[in-house]
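Hey, can you work out the whole structure from these sequences and the hints?
Protein chains: 4
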Amino acid sequence: MVNVGIVGATGYAGEELIKILLRHPGVKITYLSAKIDKPIPISEIFGYLKGRLEIICELPDYKRMASLCELLFMALPHTVSMEMVPYLLKENLKIIDLSADYRLRDIKNYEKFYNVKHKSPQIIKEAVYGLPELYREKIKKAKLIANPGCYPTAGILGILPALIADLIETDSIIIDAKSGFTGAGRKPDLNNIFSEVNENLKAYKVNIHQHMPEIEEQLSRFSGKKIKINFVPHLIPLNRGILETIYLKKKDKKLEVKEIISVYKRFYKKEPFIRIYEEKKFPQIKDVLYTNFCDLGFYTKAGEDLLIVIVAIDNLLKGASGQAVQNFNIMYGFNERESLL
Amino acid sequence: MVNVGIVGATGYAGEELIKILLRHPGVKITYLSAKIDKPIPISEIFGYLKGRLEIICELPDYKRMASLCELLFMALPHTVSMEMVPYLLKENLKIIDLSADYRLRDIKNYEKFYNVKHKSPQIIKEAVYGLPELYREKIKKAKLIANPGCYPTAGILGILPALIADLIETDSIIIDAKSGFTGAGRKPDLNNIFSEVNENLKAYKVNIHQHMPEIEEQLSRFSGKKIKINFVPHLIPLNRGILETIYLKKKDKKLEVKEIISVYKRFYKKEPFIRIYEEKKFPQIKDVLYTNFCDLGFYTKAGEDLLIVIVAIDNLLKGASGQAVQNFNIMYGFNERESLL
Amino acid sequence: MVNVGIVGATGYAGEELIKILLRHPGVKITYLSAKIDKPIPISEIFGYLKGRLEIICELPDYKRMASLCELLFMALPHTVSMEMVPYLLKENLKIIDLSADYRLRDIKNYEKFYNVKHKSPQIIKEAVYGLPELYREKIKKAKLIANPGCYPTAGILGILPALIADLIETDSIIIDAKSGFTGAGRKPDLNNIFSEVNENLKAYKVNIHQHMPEIEEQLSRFSGKKIKINFVPHLIPLNRGILETIYLKKKDKKLEVKEIISVYKRFYKKEPFIRIYEEKKFPQIKDVLYTNFCDLGFYTKAGEDLLIVIVAIDNLLKGASGQAVQNFNIMYGFNERESLL
Amino acid sequence: MVNVGIVGATGYAGEELIKILLRHPGVKITYLSAKIDKPIPISEIFGYLKGRLEIICELPDYKRMASLCELLFMALPHTVSMEMVPYLLKENLKIIDLSADYRLRDIKNYEKFYNVKHKSPQIIKEAVYGLPELYREKIKKAKLIANPGCYPTAGILGILPALIADLIETDSIIIDAKSGFTGAGRKPDLNNIFSEVNENLKAYKVNIHQHMPEIEEQLSRFSGKKIKINFVPHLIPLNRGILETIYLKKKDKKLEVKEIISVYKRFYKKEPFIRIYEEKKFPQIKDVLYTNFCDLGFYTKAGEDLLIVIVAIDNLLKGASGQAVQNFNIMYGFNERESLL
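Those protein sequences? They're chains A, B, C and D, same order as listed.
In terms of my numbering, the first sequence opens at residue 1098 and continues consecutively.
In terms of my numbering, the second sequence opens at residue 1098 and continues consecutively.
In terms of my numbering, the third sequence opens at residue 1098 and continues consecutively.
In terms of my numbering, the fourth sequence opens at residue 1098 and continues consecutively.
Warning: the hint list may mix true and false statements.
Intra- or inter-copy, both count: the list cannot distinguish identical chains.
To be verified - In silico DMTMM-like cross-links for lysine to aspartate or glutamate, where the CA-CA straight-line distance does not exceed 25 Å:
(1) K1135 x E1375
(2) K1209 x D1286
(3) K1116 x E1433
(4) K1377 x D1286
(5) K1347 x D1402
(6) K1323 x D1402
(7) K1235 x D1158
(8) K1216 x D1263
(9) K1355 x E1151
(10) K1367 x E1353
(11) K1362 x E1141
(12) K1222 x D1286
(13) K1325 x E1376
(14) K1325 x D1349
(15) K1322 x E1188
(16) K1209 x D1402
(17) K1235 x E1401
Everything labelled a hint here was simulated from the structure, so no lab data went into it.
Here it is, written out as structure tokens:
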């Protein structure tokens, strides 16, 4: 039994972690905290937890975290966890950080895109980027996991096999991303209220979103080339799910879709959460909703430049808390699918 | 050409007023204000107004209102207009106030349900309750209109004919109301964000909603009896529309639905915005959406106590801004339907 | 390991059964069938089952059911299972029937409300009404479970404790029910398409819905009195969930809400899926979504006639498939909560 | 007063035509027909028309059309109007056809993408493609208007100015289109029902949609080059609106966004329904909802290959019925904005 805590328990990712971990036979939730006015039973915040998890959600307190937990899931807004992590690591806690604070090795990019000075840059190198499909071996031994962003999870998994196999041009990658609204977090804001979002659809942060350098850094590390992408995220009036329609340019026009599919199948052949679709079939958000799967479908034709990859994930699971538990399972030797099906 | 201003132009009711009045051949919008940080073109707030209304939305200023307008629509949160109205009336402006501040003659009820001391109680008597179906003659000569609430509009129009005709018991009136989300106003609040409201449904302010005394006061004034109602509003994940399912107890069990329907038809026979459905047909929200109509359907059977009245309106039109313009049309002698079809 | 089959696997209830049973450690799904054109892997119908359940969904065949299963979940449209059940019982299968075919002891009511002649009336008496809160002991030994309807589950659980304790008048029960759209089943119909349902809200089958006699029969059996109810269901534009706002008349005006709450708490004190809210708190659909809970909140005041009970369930879980598995767990001696949390 | 008829009055486009034309001071609706079982008052089909349009919706009858109307709006499924139009033109009716039957000059493309043999190919040349921004002069004198498709309207208006100005490569045009659900028509189908569409998001007809050749043909006619596009449409769970995110490759990397914007402003400088956004601002669907506007926003940077154009329209207005009335206004010399604001 691993005693775990969740810091930031009242956000969407924190809430999802509670739901998953309650089902996990090897986990005991021993600590919850959030930025709240005063301590309050978590079952008063999330009514459906009544009778299932009777524990107080506290105000964050390093000492309580260290004394009650062996591992912490940190589901905090960006720029908050970089203050807490150095202390917690010293206390020998393991940490799975769902924020962006340790995802980028290139501090300049972090400081530019998050518009803040990094407060514990010395630790960045210790962090393992928690995408199991790329870093499973390192995750096994990690003390600090930088859990990937939702858009980057889908984007990297959708592009990388073609990039590694040298099938695509590296200068014309376009990701047209569509996200459900929980991706924006549980934040009061006039633009977020129901009647502003419902029956609307918009692009935002056009080619300036903070997830771009994360995708570029991972793609570059693996390909050995400097990769620049184009990225246009859109907000869709639904609660959960990300669909990315990725436009790539094939190096060899003659490549057929079957060949592409077999490259991806080979790349992911042992992966428990990747599903490759046959030609002419494409994933929908509802195929992955409430699951930790990442589904991939492909379009191209011999004679055409364009390769289209369509990727679907649940932004709160494979895009956040599900992936965090997948990383936890790897770190502690559980079946990687434990509590994720 | 009547020069009109809208105070509170950036809320849902204010926005809807702009849309209607732009189509009105007898109106010129000469003034807009709202509680904003600094003056800004209204077309930057509502992008779709680009090229259609190029006027600055200002910070509220009594003198500008008085010098630029002949009539003001005040679409402000409750408790704000009661400070402004005395001054504006003195300046000879006509006012259609969409807030609750002058709707209740019983100040004690106002102060109890809105939890604030009334600041201009002396003016309440001057205000005409702006429900044309009841007060058309008074509206013609009014200087201050207290435009009815959305729930009361549907509730009063649904109950009054049966009450006046003495067909129902007065001690067991139940209104089960369902409202779209614009009814909650354009306000940032954690409970209002899209992913909290979408795919959810809840009752709120169960039998304590501030619209109860408004309905009770109007029903009592007309029936000459002290009427108490039961009222349970529910929030529905859609943008606009109110459906009220009203449960009444017939005095005479033998009454058939046809008789009820003919009573309502007679009561509303000259009304331009009331539509009575034949038996076994019931209004849906989409029958009234984007219209100023109030639709009514009925269920009862000879031998049964219960009479069910189902009422549908668009909360932003017949429930707010449409009704305000209907009142305006009456005050200025326009065709009552002008710009409302 | 119990070998189970699902007949009607492609409807919403069947799909939900698959999801739950895949997590159940004591169950093996050995058979799936549906009214389809030709046999097809279930993972082609529900993409998210890829890699999780690789079994063919067949056309219904009694012999295959009998040879492959020990128990069948029948999730068929009403009037279909009454043809199949007699044969299957003879083959010694246990059956949990999610349709209405064996729910009503009063055949006349069945034939009137479902507008069809019953084809196996002799079996109705053998069926146990599968509401564990009322019939747990009978369920343990049952061979045929008539799994309750979604509206009746919420309605009966909301009314019965007050009725048994003789706190309410029996002639003025009103249920104002609101249901998500999966309640309408997976059926192509012009009225069911997205753009007709979205941003709309309507009452339907006003006081003539086929779930009325089911509620009345169960309430009558327990109270020993002939109970008539009034029932107005409404369709809400969300996928899942039922909220029922129940209006009851207290026999004793002096009763306070605390007393009501304690009656309900006592009645349900050992129930694993009933949650009683404290005064002034009311359940929302999202408190029960994706759970098997039934949540209850209460309003009344000393001096008022009216008692309001608000009930929330997930129509596909406690209102259908979750309750079916709860019954299964009881029949086979599993923990009643197994796979339902 | 022009006597007009609407054939296909019960679909989404037909319904929208009724709404607009009811407001039009120069139009009398004298005929409505649809594929229905028997004649029925249109106000029984669309409840909100009660008291506003009391006319029978008939079964289609050429003679009645010819005797009652001067102009017909045909809002029929593709492949139906090509049977009716030859007869009607002979009877001297003017026709605005909202289907695809006369949009493509290249019959082979029509027959390939609509999978049917064209039945009146001789008439195609007579038809004027009803995009006023391109063909206003021809529309003035037209007898048969082929009203553009919804996706093509947005796509052509978004791409053409850059193409004409020779700013972009012609071999790498990508349109990532997102459409509300009314775009799919009012058709019963299992995939169209609310609970299948709500909370889902998917791409469909990936690079094989029938609107591709329409866009390509118009772009080619104007640029004098053979243009091929890539086109991926997505279905979004909202009722109305199209957003197209268009990815183009600049010929000259140095071009700045300001230069692009000024090219588009010049191209559309006299257009009553085109709005060009300043840099860093992008249209949202709600900016154009319930309007006939087409809004355009732009992203590029000096040094980058990519030019992104984001286009928003209401698919039922500028994408169908609004544009049809715009064409009507041009044909009959009304103010082009009449009844469209």
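Structure-based check of each hint:
Only between protomers do K1135 and E1375 lie at most 25 Å apart by alpha-carbon distance; the minimum there is 21 Å, versus 52 Å within a single protomer. For the homomeric pair K1209 and D1286, the shortest alpha-carbon distance inside one copy (24 Å) is at most 25 Å, but the shortest distance between copies (30 Å) is not. Taking identical chains as interchangeable, the C-alpha atoms of K1116 and E1433 lie at most 25 Å apart whether they share a chain (17 Å) or sit on different chains (19 Å). Proximity of K1377 to D1286 under the C-alpha cut-off of 25 Å is restricted to the inter-copy arrangement: shortest distance 21 Å between copies versus 40 Å within a copy.
Taking the shortest Cα distances, K1347 and D1402 sit within 25 Å of each other both inside one copy (5 Å) and across copies (17 Å). When the C-alpha separation of K1323 and D1402 is checked against a cutoff of 25 Å, the pair qualifies both within a copy, at 22 Å, and between copies, at 16 Å. In this assembly of identical chains, the alpha carbons of K1235 and D1158 never lie at most 25 Å apart, being 29 Å within a copy and 52 Å across copies at closest. Taking the shortest alpha-carbon separations for K1216 and D1263, neither the intra-copy value of 38 Å nor the inter-copy value of 49 Å comes in at or below 25 Å.
In the homo-oligomer, the alpha carbons of K1355 and E1151 lie at most 25 Å apart only across protomers (23 Å), although the nearest pairing inside one protomer, at 52 Å, exceeds that limit. Within a single copy, K1367 and E1353 get their C-alpha atoms as close as 24 Å, which meets the 25 Å cut-off; across copies the closest is 46 Å, which misses it. Within a single copy, K1362 and E1141 get their C-alpha atoms only as close as 46 Å, which misses the 25 Å cut-off; across copies the closest is 18 Å, which meets it. Taking the shortest Cα distances, K1222 and D1286 never come within 25 Å of each other, neither inside one copy (35 Å) nor across copies (39 Å).
Proximity of K1325 to E1376 under the C-alpha cut-off of 25 Å is restricted to the inter-copy arrangement: shortest distance 22 Å between copies versus 28 Å within a copy. In the homo-oligomer, the alpha carbons of K1325 and D1349 lie at most 25 Å apart both inside one protomer (20 Å) and across protomers (19 Å), since each shortest distance falls under that limit. Proximity of K1322 to E1188 under the C-alpha cut-off of 25 Å is found in neither arrangement, the shortest distances being 38 Å within a copy and 67 Å between copies. Proximity of K1209 to D1402 under the C-alpha cut-off of 25 Å is restricted to the inter-copy arrangement: shortest distance 23 Å between copies versus 34 Å within a copy.
With identical chains, the CA atoms of K1235 and E1401 are never at most 25 Å apart, being 39 Å at best within one copy and 36 Å at best between copies.
Comparing the model with each numbered hint stated earlier shows that hints 7, 8, 12, 15 and 17 do not hold.
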